[in-house]
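Visitor: Given only the sequences and the hints, what does the whole structure look like? Please build it.
For the protein sequence lines, the chains are B and R, in the order given.
So for the first sequence, this note's numbering puts the first residue at 1; every next one is plus one.
So for the second sequence, this note's numbering puts the first residue at 1; every next one is plus one.
Keep in mind the hints are simulated off the structure, nothing from the lab.
Each residue gets a CB set at the ideal place from its N, CA and C atoms; glycine is no exception.
All clues given are correct.
Taking lysine-lysine pairs in the BS3-like style, the calculated list, with each CA pair at most 30 angstroms apart, reads:
{"#": "1", "chain 1": "B", "residue 1": "Lys413", "chain 2": "B", "residue 2": "Lys449"}
{"#": "2", "chain 1": "R", "residue 1": "Lys115", "chain 2": "B", "residue 2": "Lys150"}
{"#": "3", "chain 1": "B", "residue 1": "Lys149", "chain 2": "R", "residue 2": "Lys49"}
{"#": "4", "chain 1": "R", "residue 1": "Lys27", "chain 2": "B", "residue 2": "Lys149"}
{"#": "5", "chain 1": "R", "residue 1": "Lys27", "chain 2": "B", "residue 2": "Lys160"}
{"#": "6", "chain 1": "B", "residue 1": "Lys150", "chain 2": "R", "residue 2": "Lys27"}
{"#": "7", "chain 1": "R", "residue 1": "Lys49", "chain 2": "B", "residue 2": "Lys150"}
{"#": "8", "chain 1": "R", "residue 1": "Lys21", "chain 2": "B", "residue 2": "Lys149"}
{"#": "9", "chain 1": "R", "residue 1": "Lys27", "chain 2": "B", "residue 2": "Lys146"}
{"#": "10", "chain 1": "B", "residue 1": "Lys320", "chain 2": "B", "residue 2": "Lys348"}
{"#": "11", "chain 1": "B", "residue 1": "Lys449", "chain 2": "B", "residue 2": "Lys426"}
{"#": "12", "chain 1": "B", "residue 1": "Lys507", "chain 2": "B", "residue 2": "Lys529"}
{"#": "13", "chain 1": "B", "residue 1": "Lys149", "chain 2": "R", "residue 2": "Lys115"}
Derived CB-CB ranges, DEER-like:
{"#": "14", "chain 1": "B", "residue 1": "Ala97", "chain 2": "R", "residue 2": "Lys115", "range": "45 to 53 angstroms"}
{"#": "15", "chain 1": "R", "residue 1": "Asp166", "chain 2": "B", "residue 2": "Ser153", "range": "48 to 56 angstroms"}
{"#": "16", "chain 1": "R", "residue 1": "Arg133", "chain 2": "B", "residue 2": "Arg151", "range": "29 to 37 angstroms"}
{"#": "17", "chain 1": "R", "residue 1": "Asp30", "chain 2": "B", "residue 2": "Lys199", "range": "49 to 57 angstroms"}
{"#": "18", "chain 1": "B", "residue 1": "Glu173", "chain 2": "R", "residue 2": "Ile28", "range": "26 to 34 angstroms"}
{"#": "19", "chain 1": "B", "residue 1": "Glu157", "chain 2": "R", "residue 2": "Ser120", "range": "42 to 50 angstroms"}
{"#": "20", "chain 1": "B", "residue 1": "Ser153", "chain 2": "R", "residue 2": "Ser120", "range": "41 to 49 angstroms"}
{"#": "21", "chain 1": "B", "residue 1": "Ala97", "chain 2": "R", "residue 2": "Asp113", "range": "41 to 49 angstroms"}
{"#": "22", "chain 1": "R", "residue 1": "Asn179", "chain 2": "B", "residue 2": "Ser10", "range": "40 to 48 angstroms"}
{"#": "23", "chain 1": "R", "residue 1": "Asp159", "chain 2": "B", "residue 2": "Val94", "range": "43 to 51 angstroms"}
{"#": "24", "chain 1": "B", "residue 1": "Arg180", "chain 2": "R", "residue 2": "Ile28", "range": "35 to 43 angstroms"}
Residues from chain B that keep clear of chain R, each with C-beta distances beyond 12 angstroms, as calculated:
{"#": "25", "residue": "Lys71"}
{"#": "26", "residue": "Asn192"}
{"#": "27", "residue": "Arg234"}
{"#": "28", "residue": "Cys306"}
{"#": "29", "residue": "Glu367"}
{"#": "30", "residue": "Asp416"}
{"#": "31", "residue": "His422"}
{"#": "32", "residue": "Ala442"}
{"#": "33", "residue": "Asn527"}
{"#": "34", "residue": "Lys529"}
{"#": "35", "residue": "Ala532"}
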Amino acid sequence: MTPHDSLSLSGSLVEELFPFHCLISEQDNLIVSVGTALTPLLPQNYHCSRFDAVFRIVRPEIQALTAQTIKTHTRSCVIIEVVDTDIVLRGQFVIPAKGCLLFIGSILVQNAESLENIGINLHSFAPFDLTPDFLILRKFREIEHKDIKKRTSMLAELSKSRDELSEHAYTDELTKITNRRGFWNTGTKILNEHRSNKKSVLILALLDLDGFKAINDNHGHDAGDAILCAAAERIRDTVGDQGIAGRLGGDEFVLMLILEQQRDIKDHVERTLREINYPFQHRFQQFSIKASIGVTEIEPSDTLECAIHHADIAMYEGRKDTRGLITWYTAELAQRLEEKKQLLVRLKEAINHKVIEPHFQPIISFESFKLSSFEALARWNDPEIGIVRPDIFIALAEELGMLDQLDHLIMEKSLDQLACWHSEGKQYSLHINVSAASLKSALVDRVVKAISDRNIDASYLKLELTETTILENTDFTISVLDSLRDNGLTLTLDDFGTGYSSLTHIKDFPVSGLKIDRSFVADAHTNEKSKALLRSVATIAKYMDLHIIAEGIESQEQFDFLRDIGCHYGQGFFIGKPALANTCEQLFPEQQDAAA
Amino acid sequence: MYGMVNRGIEDFVVSSAGVDKWNQIKKIADLELPEFLDSSLYNDDTTYKLVESASQVLNIAPEAVLRGFGRHWILYTGREGWASVFDLGGENMVDFLNGLDSMHARVQIALPDAKMPLFSVIEKNGYLELTYRSPRPCLAPMVLGLLDGLAEQFNETWDVSLIESDSCPGCEIFHLKKNNDNPDVVTRDAA
Numbered sequence: 001m002t003p004h005d006s007l008s009l010s011g012s013l014v015e016e017l018f019p020f021h022c023l024i025s026e027q028d029n030l031i032v033s034v035g036t037a038l039t040p041l042l043p044q045n046y047h048c049s050r051f052d053a054v055f056r057i058v059r060p061e062i063q064a065l066t067a068q069t070i071k072t073h074t075r076s077c078v079i080i081e082v083v084d085t086d087i088v089l090r091g092q093f094v095i096p097a098k099g100c101l102l103f104i105g106s107i108l109v110q111n112a113e114s115l116e117n118i119g120i121n122l123h124s125f126a127p128f129d130l131t132p133d134f135l136i137l138r139k140f141r142e143i144e145h146k147d148i149k150k151r152t153s154m155l156a157e158l159s160k161s162r163d164e165l166s167e168h169a170y171t172d173e174l175t176k177i178t179n180r181r182g183f184w185n186t187g188t189k190i191l192n193e194h195r196s197n198k199k200s201v202l203i204l205a206l207l208d209l210d211g212f213k214a215i216n217d218n219h220g221h222d223a224g225d226a227i228l229c230a231a232a233e234r235i236r237d238t239v240g241d242q243g244i245a246g247r248l249g250g251d252e253f254v255l256m257l258i259l260e261q262q263r264d265i266k267d268h269v270e271r272t273l274r275e276i277n278y279p280f281q282h283r284f285q286q287f288s289i290k291a292s293i294g295v296t297e298i299e300p301s302d303t304l305e306c307a308i309h310h311a312d313i314a315m316y317e318g319r320k321d322t323r324g325l326i327t328w329y330t331a332e333l334a335q336r337l338e339e340k341k342q343l344l345v346r347l348k349e350a351i352n353h354k355v356i357e358p359h360f361q362p363i364i365s366f367e368s369f370k371l372s373s374f375e376a377l378a379r380w381n382d383p384e385i386g387i388v389r390p391d392i393f394i395a396l397a398e399e400l401g402m403l404d405q406l407d408h409l410i411m412e413k414s415l416d417q418l419a420c421w422h423s424e425g426k427q428y429s430l431h432i433n434v435s436a437a438s439l440k441s442a443l444v445d446r447v448v449k450a451i452s453d454r455n456i457d458a459s460y461l462k463l464e465l466t467e468t469t470i471l472e473n474t475d476f477t478i479s480v481l482d483s484l485r486d487n488g489l490t491l492t493l494d495d496f497g498t499g500y501s502s503l504t505h506i507k508d509f510p511v512s513g514l515k516i517d518r519s520f521v522a523d524a525h526t527n528e529k530s531k532a533l534l535r536s537v538a539t540i541a542k543y544m545d546l547h548i549i550a551e552g553i554e555s556q557e558q559f560d561f562l563r564d565i566g567c568h569y570g571q572g573f574f575i576g577k578p579a580l581a582n583t584c585e586q587l588f589p590e591q592q593d594a595a596a
Numbered sequence: 001m002y003g004m005v006n007r008g009i010e011d012f013v014v015s016s017a018g019v020d021k022w023n024q025i026k027k028i029a030d031l032e033l034p035e036f037l038d039s040s041l042y043n044d045d046t047t048y049k050l051v052e053s054a055s056q057v058l059n060i061a062p063e064a065v066l067r068g069f070g071r072h073w074i075l076y077t078g079r080e081g082w083a084s085v086f087d088l089g090g091e092n093m094v095d096f097l098n099g100l101d102s103m104h105a106r107v108q109i110a111l112p113d114a115k116m117p118l119f120s121v122i123e124k125n126g127y128l129e130l131t132y133r134s135p136r137p138c139l140a141p142m143v144l145g146l147l148d149g150l151a152e153q154f155n156e157t158w159d160v161s162l163i164e165s166d167s168c169p170g171c172e173i174f175h176l177k178k179n180n181d182n183p184d185v186v187t188r189d190a191a
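Guide: As structure tokens, this is what we get:
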């Protein structure tokens with residue numbers, strides 16, 4: 001006997017535990033009693049009806065539905081339905097006592113709605129019965145499915161807006177091609193892929209539209225924007241699917257091309273240039289615009305930043321001389337630039353440490369053949385690099401923004417020398433060059449103070465200015481030049497004949513002399529046209545009361561010709577090379593004449 | 001809290017004050033999510049923040065927001081497809097309240113992470129005493145609203161009051177007295 005054998009369930013306990021039970025008499029298959037929860041679900045006359053008249057067993061399959069046959073399935077899960085209704089029960093049959101069969105189970109429902117329809121609620125179920133829990137679980141699963149759909153749609157939305165944002169972030173608003181950020185992003189990816197695929201050639205080109213600012217200024221931003229858009233479209237089309245094109249800003253575009261063969265590069269870049277150079281049309285107007293392109297072939301070790309820098313250098317170098325060209329970044333260019341960089345460093349130091357010296361080139365009078373004056377010329381002999389040509393270091397000083405400082409340095413040193421000569425009784429005059437960088441209102445005070453500090457009479461100082469210099473800001477320049485003249489200084493128009501050579505300048509600017517450029521002097525004795533030109537200049541100068549200096553005289557023939565046509569002064573290697581103060585006057589002992 | 005609660009608050013605000021107010025509330029509560037998901041768990045702070053912000057935007061006390069929301073919750077859950085489950089609770093207020101704890105015990109299977117409150121009901125002389133315990137503080141006004149909503153749902157009239165009592169630390173006690181003035185009321189007793 002087990003402890004369970006002493007258990008017996010009372011009718012009320014069966015009722016409480018199994019509210020959906022059904023007790024059947026084994027002898028006649030009649031329904032003896034039904035649980036309170038099941039009662040309202042059965043037909044009214046169910047009591048004392050045969051079990052098979054009210055119920056049908058769905059599972060397991062039983063042919064003859066009698067208590068005897070059912071008894072063989074007491075260990076099976078049984079599904080029964082109430083005849084002529086949708087009500088289904090699930091449970092098992094047990095034999096609680098001799099002569100009877102008991103069905104215990106619960107209602108089997110597909111959803112909570114069906115339960116509601118048959119008038120059953122939570123109180124109908126035994127507390128341990130999990131049927132309502134399944135209903136709640138089912139409901140929650142529906143909600144989870146709904147949430148999954150919602151989440152998917154939210155993610156799709158988020159992804160869409162993220163794509164739109166990145167599209168926006170990486171696209172140039174005006175031209176709709178890749179912007180700087182987008183180019184950086186895609187360019188880096190292409191570059192990384194290129195590192196592992198060395199069969200192809202990768203090039204980067206920077207393209208700048210020359211003269212674009214003028215279009216914006218003269219025709220308005222609408223025209224400018226239209227040209228930028230059209231240019232972007234052409235660039236994008238030439239790139240096609242062989243790379244990417246982007247706008248870095250302003251009128252600067254960038255291209256990265258992946259090409260199969262080295263020989264394709266030149267053709268491709270030239271085609272891009274041709275496309276851009278083709279005139280643009282905007283509102284019945286045609287605009288011709290050129291592009292300058294700097295190109296570099298990207299090495300696997302290059303970073304994108306480095307490639308852009310190389311292309312930028314190439315473009316910048318190309319534009320210095322002529323616009324509208326393709327310039328390639330080469331090892332030679334890199335070397336040249338490195339040297340230039342070093343030179344700039346040295347030059348900066350040289351100017352700061354005042355190691356650039358004036359050399360003095362004699363100017364003689366054609367009338368007396370005697371020494372008249374000197375022109376102070378800057379000369380730089382670097383202890384490490386050696387002698388650097390003045391045209392090179394003057395251009396570099398301008399690039400460094402130190403040209404004014406260089407002018408000042410030469411003026412101070414030259415005037416020291418002039419004061420020294422004057423103290424020795426040598427009343428030479430001195431020609432000093434003034435660059436555009438120095439031509440500002442402070443120049444007058446600076447010059448006046450410099451000669452005053454050294455007790456030099458202003459008439460001994462001749463300032464030489466080129467036409468280009470004085471043309472930069474005409475009204476202001478005239479006021480400065482007037483002021484210099486009013487302080488007793490004389491002004492000479494340098495390199496006459498090479499610039500605009502406008503007679504108006506001679507008339508408008510307070511100059512007292514002209515220095516004829518060496519290019520005219522070079523063939524003065526052989527070229528008839530040069531001869532005619534020089535004669536004309538001499539005639540004009542004569543009638544305008546201007547003195548003429550001819551520079552670059554290198555032969556007796558030139559000397560003779562220039563003297564014969566009425567030039568007043570001469571300068572050149574034939575007469576004397578520029579030299580340090582202690583040697584420059586040795587050729588002209590006691591030959592000093594009236595100042596040029 | 002499960003997202004369905006926050007969605008219920010949203011529905012309450014939108015239906016009573018409009019979608020613009022709801023957007024303002026979300027902004028003040030610093031919520032970046034486009035919408036709540038019913039079956040996801042959110043930090044309780046989110047719900048409290050929503051109530052605070054709603055109080056600010058709607059210019060009503062937080063307790064009033066909670067009570068309004070509690071009442072709305074009954075309507076909202078019904079509309080959102082929970083009516084059938086809700087109906088399992090019973091056909092009248094008394095049955096429903098008596099079965100509420102069992103209902104929560106069953107719901108725990110579906111929402112294993114839910115911190116369900118405890119409700120116990122004692123029928124006293126002429127009134128019901130409902131004791132409510134929750135791990136979450138300050139939600140008693142919401143229970144008042146839930147009781148309002150339930151009464152409406154069952155078309156019954158009850159006077160509900162929150163009793164100040166020190167006898168049960170950590171719980172709130174409500175007294176519910178049925179008002180039989182309403183001739184349409186059908187209750188278990190009456191039935």
